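Asks: Quick note, the sequences are listed as chains D and X, same order.
Residues 523 to 1140 in the numbering used here are what the first sequence lists, from first letter to last.
Residues 15 to 511 in the numbering used here are what the second sequence lists, from first letter to last.
Just to be clear, a hint being listed does not mean it is correct.
[As the list claims (entries may be wrong)] Cβ-Cβ distance ranges computed for the label pairs, FRET-style: (1) X:E406 / D:G980: 46 to 52 Å; (2) X:K327 / D:D933: 51 to 57 Å; (3) X:R498 / D:D663: 51 to 57 Å; (4) D:A1026 / X:Q128: 55 to 61 Å; (5) X:K327 / D:N700: 58 to 64 Å; (6) X:R499 / D:G875: 32 to 38 Å; (7) D:T995 / X:E247: 31 to 37 Å.
Note that these hints are calculated values from the structure, not bench results.
Computed from a predicted model, the values in this text were never measured in an experiment.
Note that CB positions come from ideal geometry on N, CA and C, so glycine has one too.
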Amino acid sequence: MATTFTAPKLSSPTFQTLCRNLPVFTPVPNTLSSFSRHRHHYRLQLQQQRRSLFVVRAESENGSEPLRHYDFDLFTIGAGSGGVRASRFAANFGASVAVCELPFSTISSETTGGVGGTCVLRGCVPKKLMVYASRYSHEFDESNGFGWKYDTEPKHDWSTLMANKNAELHRLTGIYKNILGNAGVTLIEGRGKIVDPHTVDVDGKLYTARHILISVGGRPFIPDIPGSEYAIDSDAALDLPSKPEKVAIVGGGYIALEFAGIFKGLQSEVHVFIRQKKVLRGFDEEIRDFVGEQMSLRGIKFHIEESPQAIVKSADGSLSLKTNKGTIEGFSHIMFATGRRPNTKNLGLESVGVKMNKNGAIEVDEYSRTTVPSIWAVGDVTDRINLTPVALMEGGALAKTLFQNEPTKPDYRAVPSAVFSQPPIGQVGLTEEQAIKEYGDIDVYTANFRPLKATLSGLPDRVFMKLIVCAKTNKVLGLHMCGDDSAEITQGFAVAIKAGLTKADFDATVGIHPTSAEEFVTMRTPARKIRQGPESEGKTGQEAKAAAGEFHLRLMLIVNLQYDAKVAGWWKESFQDSFSFISESGLCAMPCHASCSNFLHMSSKKVKIIWIIFSCIL
Amino acid sequence: MARKMLADGELSQTSEEESQYDFDLFVIGAGSGGVRAARFSANYGAKVGICELPFHPISSEVIGGVGGTCVIRGCVPKKILVYGATFGGEIEDARNYGWEVNEQLDFNWKKLLQKKTNEINRLNEIYKRLLSNAGVKLLEGEGKIVGPNGVEVTQLDGTKLSYSAKHILIATGSRAHRLPIPGQELAITSDEALSLDELPKRAVVFGGGYIAVEFASIWKGLGATVDLFYRKELPLRGFDDEMRAVVAKNLEGRGINLHPQTNLIELIKTDCGIKVVTDHGDELIADAVLFATGRLPNSKRLNLEAVGVELDKTGAVKVDEYSRTNIPSIWAVGDVTNRMNLTPVALMEGTCFSKTVFGGEPSKPDYSNIPCAVFSIPPLSVVGLSEEQAIEQANGDVLIFTSTFNPMKNTISGRQERTIMKLVVDAETDKVVGASMCGPDAPEIMQGIAVALQCGATKAQFDSTVGIHPSAAEEFVTMRTVSRRVTACGKPKSNPE
């Protein structure tokens, strides 16, 4: 395959600074037919021996243009989201590019991977497919309320799902290979290892490149406790040979919650063990409370402040999980969703001097450049924001920086994200806590309503929405939602928030009726105003209410209802009307006028007290 | 209570003048626009009365109900039925995901209808409570205008009450209208379609507007055989042509029989159902025939001629930008003015009216970039200009970005239905002037896009937004390649109508 292209123009001063230490590239047609490979390879080794001279000369001459032949302009290690994006775009800009990737497998290891990477093979895609599959059980329940009846309860056949899912993954990995091929990128199967700043070894063969990109991603991490060999990680959880009857999930992050929803929906008994009091550390506090509550209502059992200490396998093959609070027996599977670690081992990074942080993540500058000028890194391996679209952004920016003469920094402001828990979460911008820290004075708008679908289905599903607005500038700083379609709804608002729009802009937008999303443009009265300084009104429910001014306190209840079905039942019956009233404000023509409910969860060891404050504009 | 009275933003002179009237505002019609205007005006301190016909799911000259079309005979019950019907497709899709569901599913229409009616009744009560909480006096009966400041309410028992009001607001909405063809009395309108005793097994829908395609989708999803007749080549006139074609394809894909460019000319009652005759000479038998052939403003029985309120030729009340009629003390909002007949628009008009008349802040409703949705299955949602409108209005080139894809869910379910998204961009300013989408969740997705458009977001700003992966909506921020560029002098594409 011959690749010819025009050398990039080096007009930008920034770019020139950027590549001052790089041997400047001269395009050479590159031949890599299978026939010539061996000879070629031999030649590479010769070149390699001469290479150090070139570098020295390049540095000493500083700016002159030494002749230097590389096999590729860019060699990418790892064909996941970031690597494929950078490689394709680089090739589109005219660079000669190769990418290496491990052989395909649904489970990743030191020796297996596959084109497409985590997102396509062991992350977003299979996860979402499983979410789709598992959501049906909730839909069957909902449909009962809409007049649909099933003679026998729908049953789920695990093997059909796995077969169809894996067929789709094979199709996708094929598509990714085609995409690379069509872009003119050379795909090499094997494990890439960096030998020196311009050379990569793939299973014994050496390739030289002007730039090397590390985009090897991350892998699940299981802490070393007795019996941890019996635990599974998310890779395995996505490809189980049979349905788990009773599963323990250790962890409170998004992966844990997503799998809890998947297994619950596919009719397993699900227990989630979290170290802290709440799930989803780092998310908005109200969202954390709300999603925990909604998932509990769907039958997921949360064990809070409970850390695993050991796993024991019994004679009958079932697993017991020993925690700091006791031992729970009878699990068919124990899954650890306890974080992911960058895949930086055995890449040869230490020997070439690529610096890593203490978690093993590669340290990079704003342009994704490592401490070695010719080596770059994008995606999860850099542990910045570990999301596919962020890796895509980083990969795209890198290709522009290197091959389009347009130094581009990825922009990490207002990156939206979703948790595909059931119900799902969407968020963009700052949490309330972050906003207070950064801006001090903010207004918080919330809506907590029963969606139209739930009024018919009779299920206890609710939707929570929240807007955080800067009091000084009126800019919308953050948007959070938990409820059906959150991920889809959040995307459009992310455009608005990224563009720096104000609350007034939101208000000026007409709603789409009847939707849940219209609630975001019809929030008229702040639930609370938070002000710093002497006249600080704090953020407790009481003070917030006072701050809201127009609110009239109607009813305050303090109920002890956690896990007390009787009390909860009574409470629901007694106040259903009030609740529905709030909910209706959400979905009928008068949105939001009566919606103000604050849930303050105060957990003590055994008793959870929920304060419910109903307020209404009169 | 100290009351600020304003007309056209000016303070009225004295409190004596106020006392001449029974009410500061009297509203005829308690639907979306009327309730909003009444409540907001009351919140500004005005003394407000409102009248509405007695509650009934099917409207007529003498029955209606607090909540109006949207709540009782429109958006809300419609959406409930769409939810119900969507499960039909969902259950089919579940099978390839490994769910074993009986071949023969039982759907109980009466149960759905009962639950829908309960919900509507509940909402009707809530609306009444909203009014009373706001301090608005609600009267049941038919309202008529007897003078620029006089209203007469005929109660159920025939007694008539007369009131004077400084301002009168007409918010009587509109009603479905049947085409005058032989046998038209055998057909039903959307009012009845939302309250049928039996689910029709064979349904005929006549009309190409959003109501027609929504009901076609509902009935099909619930298991009926559906034939949809419309006059144009494609349904949904006024929407983006490419979207119209996709909607037609999807309706067909879901098993609805489409009959474009076909009119119904006669309905005949037979023993085995209603015989439907088309202008192509075809005949078919149906259990129900729905006329979704437009709606007309409810302006006939208001006695408007007596005071000289001007109507246009369709019977819509003519108003200025502030919703004021040619009689300075009489105003009108919502469908009765036939501007843009959508609930949120009526709400906006009602709010602006209150601000103008009682809030001391003259406010014009802003009709630009109003998003809307068609709840067909799958739904369509749009905001801003269609491709055709953009080309017509553009000074320079127009860039069209489209994305057509197989939604991830379908990769396993096997459903052959593609989602389409479109952004229309002004090449000169880079502003996104229109967005549209046909596919699952389109209305929920479009709301946020509408905020961005409302404030003149550019394509560059869309591009700089990071996607949410994996979602359908992320396509809107990852459309990198222009699908076509239409030059300013270039003739717009031929219209398929």
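Asks: Now look at each hint and say whether the structure bears it out.
Replies: Each hint, compared with the structure:
A hinted range of 46 to 52 Å holds for the C-beta pair E406 (chain X) and G980 (chain D), which are about 49 Å apart. Remark: the range hint 51 to 57 Å for K327 (chain X) to D933 (chain D) is upheld by a beta-carbon distance near 54 Å. Checked against the hint of 51 to 57 Å, the pair R498 (chain X) and D663 (chain D) fails, with Cβ atoms roughly 46 Å apart. Take A1026 (chain D) and Q128 (chain X): their Cβ atoms lie about 43 Å apart, and the range 55 to 61 Å is violated.
Separated by about 60 Å at the C-beta atoms, K327 (chain X) and N700 (chain D) satisfy the suggested range of 58 to 64 Å. Taking the beta carbon of each, R499 (chain X) and G875 (chain D) are about 49 Å apart, not inside 32 to 38 Å as hinted. At about 50 Å, the CB distance of T995 (chain D) to E247 (chain X) disagrees with the hint of 31 to 37 Å.
Violation of the numbered hints given earlier is confined to hints 3, 4, 6 and 7; the remaining hints are satisfied by the structure.
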